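*Asks:* Letter by letter, the chains look like this.
Number of protein chains: 2
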Amino acid sequence: MTTKRDRTVCVIGLGSMGFGIAASLLRGGFDVVGCDVNAEAMARFAALGGRIADVPTDAGRGAHVLISVVVNAVQTEAVLFGEAGAIAGMARGGTVLSCATLSPEAARDFEARIQALDLLYLDAPISGGATRAASGELTIMASGAPQAFADVSDVLDCIAAKVYELGDTAGIGAAFKIVNQLLAGVHIAAACEAITFAKAMDLDIAKVYEVISASAGNSWMFENRVPHILEGDYSPRSAVDIFTKDLGIVSDIARGLKFPTPIASTALQMFVMTAAAGMGRDDDASVARMIAHLTGLDLPGA
Amino acid sequence: MTTKRDRTVCVIGLGSMGFGIAASLLRGGFDVVGCDVNAEAMARFAALGGRIADVPTDAGRGAHVLISVVVNAVQTEAVLFGEAGAIAGMARGGTVLSCATLSPEAARDFEARIQALDLLYLDAPISGGATRAASGELTIMASGAPQAFADVSDVLDCIAAKVYELGDTAGIGAAFKIVNQLLAGVHIAAACEAITFAKAMDLDIAKVYEVISASAGNSWMFENRVPHILEGDYSPRSAVDIFTKDLGIVSDIARGLKFPTPIASTALQMFVMTAAAGMGRDDDASVARMIAHLTGLDLPGA
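So the protein sequences, as listed, match chains F and R. In terms of the working numbering, the first sequence opens at residue 13 and continues consecutively. In terms of the working numbering, the second sequence opens at residue 13 and continues consecutively.
Worth flagging that the hints you see were computed from the coordinates, not collected in a lab. Take the hints with a grain of salt, since some may be wrong.
One copy or two, it doesn't matter: identical chains are merged, so the pair holds either way.
Claimed, not checked - Here are the simulated lysine-lysine pairs, BS3-like style, with alpha carbons at most 25 Å apart:
hint, residue 1, residue 2
1, Lys219, Lys174
2, Lys257, Lys270
3, Lys257, Lys16
4, Lys270, Lys16
5, Lys16, Lys219
6, Lys16, Lys174
Keep in mind the model is a prediction, meaning the values are calculated, not measured.
For reference, chain F alone in the conformation it holds in the complex (with noise of 0.2 Å):
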């Protein structure tokens, strides 16, 4: 019988999603070895007893499963396909997770690339932030062949609390996704915009959340951002850039479809304000600050 700890899982990426997969799956039994540029990341994940692997090629040398926790297409389609990518010498029928947001196009474009060298490919984003990956209970908007589901269940019930299986071909899921990131955008512009208006109009922000956030006006991302800036903390749980990059993203399918987007547009100009003034790689939350800085506002932590 095969056991867990017979099954190798590959984990390119130890931000903090990345790192919360593969030391769930460490935990949950798996042989599971790990890959980042940054040797910190690493050394921490050697010390929890993962295997660590300087290259991706070294990383997915007799993988069964390979979960790619990169930033965008362009490093996912380098940590696979690159000259040290992560595939080369992967087992045979092996199954590659992209948990990216990419659009639906290069999730194709990467099953179909996959599937030619004999292996499987899940169009696998997530969501639920750094806590619920450490935890092991993400969200996952799948899609992708019925066996790449059936050979990866046990690694899916390993990282996710709830596995959305959205389609049989890669870029279903990535689209989910996409709609999900169009909205938690546009929430979290509006939450800024929504937390300084209020502070311009004298009101006590802090009562202002409490209302709001039991009230219609309330979104996910308004009850779980808006504490970031009354607490004037803006240490990245997830970062501007994200945003810029999400959002950007958004409008390129767009435009491509002919299909106009107002709201995700607008919203993404205040991500790039934000980035424009120097905090593109702090808390997304910085929104407000950006909009506290134009607007000559005292917020928090100022």
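Place chain R on chain F using the hints.
*Replies:* Structure of chain R alone, referenced to chain F:
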């Protein structure tokens, strides 16, 4: 001892919110007089056992509490202070509750003029929709003199599940409501943009609703309004014109403060476009229909 039966409450405006308020008060044992230009609403209220009056002056005569549940500042001005205005014959020391979404400036103006007549004023915008109005479970974002709160506490208990006491002068309640409406309006427009974008990407939009409403992209409005789109039912629970009005107030206040509101202004334009296309009196989820018309998408019920 004074009983509720001895307390006359006048409700001006028997639209879906005002009717629910008047019916709740009647059920609660108050002596209630209703007034509306809509004869059908008046007849329905009379059928419940309520008293009715054709003009505000008659409705307000001898009232201890007057609740104005009309659409905007112009109507509030007319029903309170106009030629046939309701406050002229109110009982000495009575209290006026104004429930329309107003600018803080308008609320302060009304308070000053009401207080000059030795009456009390409560800035009392409401939230929760027709269903919660009918069941006496509104949310009220109120501010005003402590004496006004004290004098109408039995009335508030009867119509609201939650009363926020936000300050001791008018304008604060109005400002809280405006922040709520900024977010509510943006979230509706964003929900409509996102769900039509999903349709443009050929996704199963019922599945999108299921996944997103359980994810970080969710908002109170996404969860509440997208079912109208999935059912193709645009009968007005809350109309497009409410948001051209309320986001218009946001825009006016913000311009006055020299405060930029790019997201709210974009959402406002989407409601204006929807009203321009002839759907101003339809459900506010009609923004999705407007986008579908424009882009040739097939939504349910089209």
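*Asks:* Take the hints in turn and mark each one as holding or not.
*Replies:* Quick rundown of the hints versus the structure:
Taking the closest pair of Cα atoms, lysine 219 and lysine 174 come within 25 Å of each other only across two copies (14 Å); inside a single copy the shortest separation is 34 Å, beyond that limit. Taking CA atoms no more than 25 Å apart as the test, lysine 257 paired with lysine 270 passes inside one copy only; the shortest distance there is 20 Å, against 30 Å between copies. For the identical chains of this complex, lysine 257 and lysine 16 are neighbours neither inside a copy (36 Å) nor across copies (60 Å), given an alpha-carbon limit of 25 Å. For a Cα distance limit of 25 Å, the shortest separation of lysine 270 from lysine 16 qualifies neither inside one copy, at 47 Å, nor across copies, at 61 Å.
When the C-alpha separation of lysine 16 and lysine 219 is checked against a cutoff of 25 Å, the pair qualifies neither within a copy, at 50 Å, nor between copies, at 33 Å. Taking the shortest alpha-carbon separations for lysine 16 and lysine 174, only the intra-copy value of 21 Å comes in at or below 25 Å, while the best inter-copy value is 53 Å.
Consistency with the previously given hints fails for numbers 3, 4 and 5, ordered from lowest to highest.
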